[in-house]
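Visitor: As a plain string of letters, each chain reads:
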Amino acid sequence: MDNVWTSTNKLFFKINPSLKFVIISSLFIVYLFVHNLNTMIWASLLFLILYYLVSGLTGKWSFWFVFLTLIVSLFSASAMIMFGKGDHIIYQKYLILITQESLARGILLGLRTFTFSLVGMIFATTTLPVPFFYSLMQQLKVPVRYAYGCMAAFRMIPIMAEELMHIRQAMIVRGMARQKGAKALYERMNRYMLTMLAQSIRRAQRTAIAMEAKRFSMTEERTYYYEIGWSRYDLFFVVIILLTVTLGFVCSAYFPLTPFTNVLDH
Amino acid sequence: MSSNNKEEWGVTNLRLAFPKKKTMHFKDLSFHYVKGEKILLLGPSGCGKSTLLQVLSGLIPKSVELPMRTESQDIPESWGFIFQDPETQFCMPYADEEIAFVLENRRTKCEDMPSLIQHYLDMVGLKLEKNHQLIRTLSGGMKQRLAVASILALEPEVLFLDEPTALLDPKGTEQLWQTVQRIGKDRTLLIVEHKIDHVLDFIDRVILFNQNGEIFADGPKAETLRRYQDKLDEFGIWHPGIWDDYEKNHPGNQITANSKEPVLELDHFMVMRQKKVKFTADKLCIHRGEWVTVIGENGAGKSTMIEGIMNLLRTRGKIRWVFDHPEDHVQFVFQNPEYQFVTDQVDAELGFSLKVNNLTEEEIYKRVNEQLLRYALEEQKHQHPFQLSVGQKRRLSVASALITYPDVLILDEPTYGQDARNTFALLDLFQQLREEGTTIIMVTHEMEIVRHYATRVLKIKDGRIVDDSVNNSGEEKKSGQRVDQHEQIIF
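Those protein sequence lines, which keep their order, are chains E and U.
Numbering of the first sequence is given in my numbering, commencing with residue 30 and proceeding in unit increments.
Numbering of the second sequence is given in my numbering, commencing with residue 3 and proceeding in unit increments.
Read the hints as simulated data drawn from the structure, not as lab findings.
Computed from a predicted model, the values in this text were never measured in an experiment.
Just so it is clear, CB atoms sit at the ideal spot from N, CA and C, and this is done for glycine as well.
Careful, some of the hints might be misleading.
[To be verified] Stretches of chain U that chain E covers, calculated by requiring three or more beta carbons in the stretch to come under 8 angstroms of a beta carbon on chain E:
id: 1; region: 76-86
id: 2; region: 151-163
id: 3; region: 239-252
id: 4; region: 310-319
id: 5; region: 346-359
id: 6; region: 366-380
[Stated by the list, open to error] Below, simulated DMTMM-like cross-link-like pairs (lysine to aspartate or glutamate); rule was C-alpha separation at most 25 angstroms, straight line:
id: 7; chain 1: E; residue 1: Lys43; chain 2: U; residue 2: Asp114
id: 8; chain 1: E; residue 1: Lys170; chain 2: U; residue 2: Asp114
id: 9; chain 1: U; residue 1: Lys262; chain 2: U; residue 2: Asp409
id: 10; chain 1: E; residue 1: Lys212; chain 2: U; residue 2: Glu131
id: 11; chain 1: U; residue 1: Lys129; chain 2: U; residue 2: Glu113
id: 12; chain 1: E; residue 1: Lys209; chain 2: U; residue 2: Asp326
id: 13; chain 1: U; residue 1: Lys64; chain 2: U; residue 2: Glu79
id: 14; chain 1: U; residue 1: Lys277; chain 2: E; residue 2: Glu256
id: 15; chain 1: E; residue 1: Lys209; chain 2: U; residue 2: Asp349
id: 16; chain 1: U; residue 1: Lys111; chain 2: E; residue 2: Glu249
id: 17; chain 1: U; residue 1: Lys280; chain 2: E; residue 2: Glu191
id: 18; chain 1: U; residue 1: Lys111; chain 2: E; residue 2: Glu241
id: 19; chain 1: E; residue 1: Lys212; chain 2: U; residue 2: Glu113
id: 20; chain 1: E; residue 1: Lys209; chain 2: U; residue 2: Glu364
id: 21; chain 1: U; residue 1: Lys64; chain 2: E; residue 2: Glu249
id: 22; chain 1: U; residue 1: Lys280; chain 2: U; residue 2: Asp171
id: 23; chain 1: U; residue 1: Lys111; chain 2: U; residue 2: Glu159
id: 24; chain 1: U; residue 1: Lys197; chain 2: U; residue 2: Glu216
id: 25; chain 1: U; residue 1: Lys277; chain 2: E; residue 2: Glu250
id: 26; chain 1: E; residue 1: Lys212; chain 2: U; residue 2: Glu329
id: 27; chain 1: U; residue 1: Lys461; chain 2: U; residue 2: Glu267
id: 28; chain 1: E; residue 1: Lys209; chain 2: U; residue 2: Asp330
id: 29; chain 1: E; residue 1: Lys212; chain 2: U; residue 2: Asp346
id: 30; chain 1: U; residue 1: Lys37; chain 2: U; residue 2: Glu216
id: 31; chain 1: U; residue 1: Lys278; chain 2: E; residue 2: Glu191
id: 32; chain 1: E; residue 1: Lys39; chain 2: U; residue 2: Glu131
id: 33; chain 1: U; residue 1: Lys250; chain 2: U; residue 2: Glu131
id: 34; chain 1: U; residue 1: Lys64; chain 2: E; residue 2: Glu256
id: 35; chain 1: E; residue 1: Lys212; chain 2: U; residue 2: Asp114
id: 36; chain 1: E; residue 1: Lys170; chain 2: U; residue 2: Glu113
id: 37; chain 1: U; residue 1: Lys111; chain 2: E; residue 2: Glu256
id: 38; chain 1: U; residue 1: Lys173; chain 2: U; residue 2: Asp470
id: 39; chain 1: U; residue 1: Lys111; chain 2: E; residue 2: Glu250
id: 40; chain 1: U; residue 1: Lys37; chain 2: E; residue 2: Glu241
All chains, please: the whole structure from these sequences, using the hints.
Guide: This is how it looks when you write it as structure tokens:
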């Protein structure tokens, strides 16, 4: 994971993770109620720019994430575009019916998916798991057992990746990889799932015992190695997000790119 | 139970049952110890030493719920527990955070933590570049010492150690015991271990268990060990001098590998891990009937080499087997036997390779039963491979590789984590195979195996073969008579 980050020193890394979490979550709600295609277009553009400015990922990773998000958005748009209702028919063949209205709705839906992913990624790529959970415990009073449970789970991810490689190697060595056909494929998948599951349960159990042996208590008070506080960066963050959102609405009012101000109306 | 200056802990009349087993595991077992004692618990695998350790620490029944009954269970006020598996006893990604986790549990002030973390790391002699280092980049031995450091943060009076070196190499083992000896001076130690060379220096009391989980001997170190010397061999305990005893009865490799017929040739062979070249061999030729041991430090590239040969990693350059279909003639045994298993039942596991090779049902049945008997797995044939004991898992992984009668057997530290009895049984088996003409390539850390069995030693350093010699390392250590024995090997 370490080679994925360019630098953990960027502005967005220094923001209180709980604040970031709450603000970002509220963005989801805001854009859920936007039915103006122009607003959505501007918002996705602005968040794309913001994402490139603040993201902690290296260029290569960043590009592929955005690319993947675009594809997913296209899929979610296409269903609405091709099978929607509307009066102004653009194209019709067999079951496919594309109208101006459905096109607008589809694009809005696609852009919403795109924006949601971007916003989510702004959070995910600038937040390290450990400080995030510490902040959740300290600011949002999340019970310690969930927070530490999640942190322990995060530790398992690279171990599981290694395990996946070992299972693959075992299949090559034992000749399982050479078997062909659907049944062999099914058995291989089964093998991956079962082994990973069994091993994960065992590991989780052992870790839990080890944690208790280290006097982890789910109920008692505890101190924190990282004390996550507030700083002026938090203010910057709120201002930046507010600016981005407002700018989106303002631009859509003054520079409407399409006539569809409410896709539900038409 | 505690008097003024002498504190005593332990259990009286302990009875305990494992789920799904009808019989009680311990029957009225009593065990007590006093402050400052350094105790070693020995016994055959599966005798319940580890379970007792967990009872003594209170982990059973507090964290591990097992049905148990006892007249009294006196648990020390502060204790620490070191587990066998270095991987699963951490819950945080970074070294400093792991120690901090314990400090948090003890409600240490945040500002005191960094200096305390440094203090505990110094105590176990763990020098990291920076304390905020990813735990998974540490070696097994370093992980175990970090585990000790985090336990020390509990400031425990009593330390329980449950085979902490079972998954470590000899160097890591030695360093860990040095650490434990140093930090254990003013503490009470209870140790379960089957490699006792380094432990013997600092313990003073020895407890011996039999197969039924009963204590049959309990006394001062020297006397107890002398009296029950034969029991140690029976239990498969690695004790000093065990190799000498073994060599008296087993002549070792005296048969010359005189075949000049190559089975494997490497030519400008490179193995990559994550797009980086991690092993390079310009020229290497392995002949039929050789027992090649691959030695070197941790991370030198030993496993990379054999995994490259098995085509499990990306390679460049030429690799030439003498066989047209090497996959039918070459078998590989992983370091961790669990990685070998691809089915859910012991007998299916054995038959798997045969099924892949399209043998008839009768033939598969015949061979599987043969192997079940030979490797003493008959009773376990319907069990899941993961439920077997450490020794049984190893036997099964070797058996499932050998069932196809391979011409070449490649093994990654096959004796890793095995007790002495299993190790010797395995070595005898490999020896027999070699005499029948099987070529063996084995990665090992165990120099006794190299000295005693190998016909050829490849030393790997920084991803290159730095030494390729016929085996004569015995000369340095052993008497003239042995040299003669070994000289016969040289060809």
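Visitor: Taking beta carbons only, do three or more residues of the region 310-319 of chain U come closer than 8 angstroms to chain E?
Guide: Per the Cβ count (3), the hint holds.
Visitor: Given the hint that lysine 277/U pairs with glutamate 256/E, does the C-alpha gap stay at or below 25 angstroms?
Guide: This hinted pair is violated, its Cα atoms lying about 40 angstroms apart.
Visitor: Within 25 angstroms, alpha carbon to alpha carbon, are lysine 250/U and glutamate 131/U?
Guide: violated, 47 angstroms
Visitor: Checking one constraint from the list: CA of lysine 209/E to CA of glutamate 364/U, max 25 angstroms. Satisfied?
Guide: This hinted pair holds, its Cα atoms lying about 23 angstroms apart.
Visitor: Is the Cα-Cα distance between lysine 209/E and aspartate 349/U 25 angstroms or less?
Guide: holds, 23 angstroms
Visitor: Tell me if the straight-line CA distance from lysine 111/U to glutamate 256/E falls inside 25 angstroms.
Guide: holds, 11 angstroms
Visitor: Would you check the hint for lysine 43/E and aspartate 114/U, treating anything up to 25 angstroms between C-alpha atoms as holding?
Guide: holds, 23 angstroms
Visitor: Regarding the pair lysine 209/E and aspartate 330/U, is the alpha-carbon distance no greater than 25 angstroms?
Guide: Since the Cα atoms of lysine 209/E and aspartate 330/U sit roughly 17 angstroms apart, the hinted pair holds (cutoff 25 angstroms).
Visitor: Are lysine 37/U and glutamate 241/E close enough, with their CA atoms no more than 25 angstroms apart?
Guide: Roughly 23 angstroms between the alpha carbons, so the hint for lysine 37/U and glutamate 241/E holds.
Visitor: Is lysine 173/U close enough to aspartate 470/U, meaning Cα to Cα at most 25 angstroms?
Guide: holds, 22 angstroms
Visitor: Between lysine 212/E and aspartate 114/U, does the CA-CA distance stay at or below 25 angstroms?
Guide: violated, 59 angstroms
Visitor: Can you confirm whether the C-alpha distance between lysine 170/E and glutamate 113/U stays at or below 25 angstroms?
Guide: holds, 22 angstroms
In the structure shown, a violation is registered for the earlier hints numbered 3, 6, 10, 14, 19, 25, 33, 34, 35, in ascending order.
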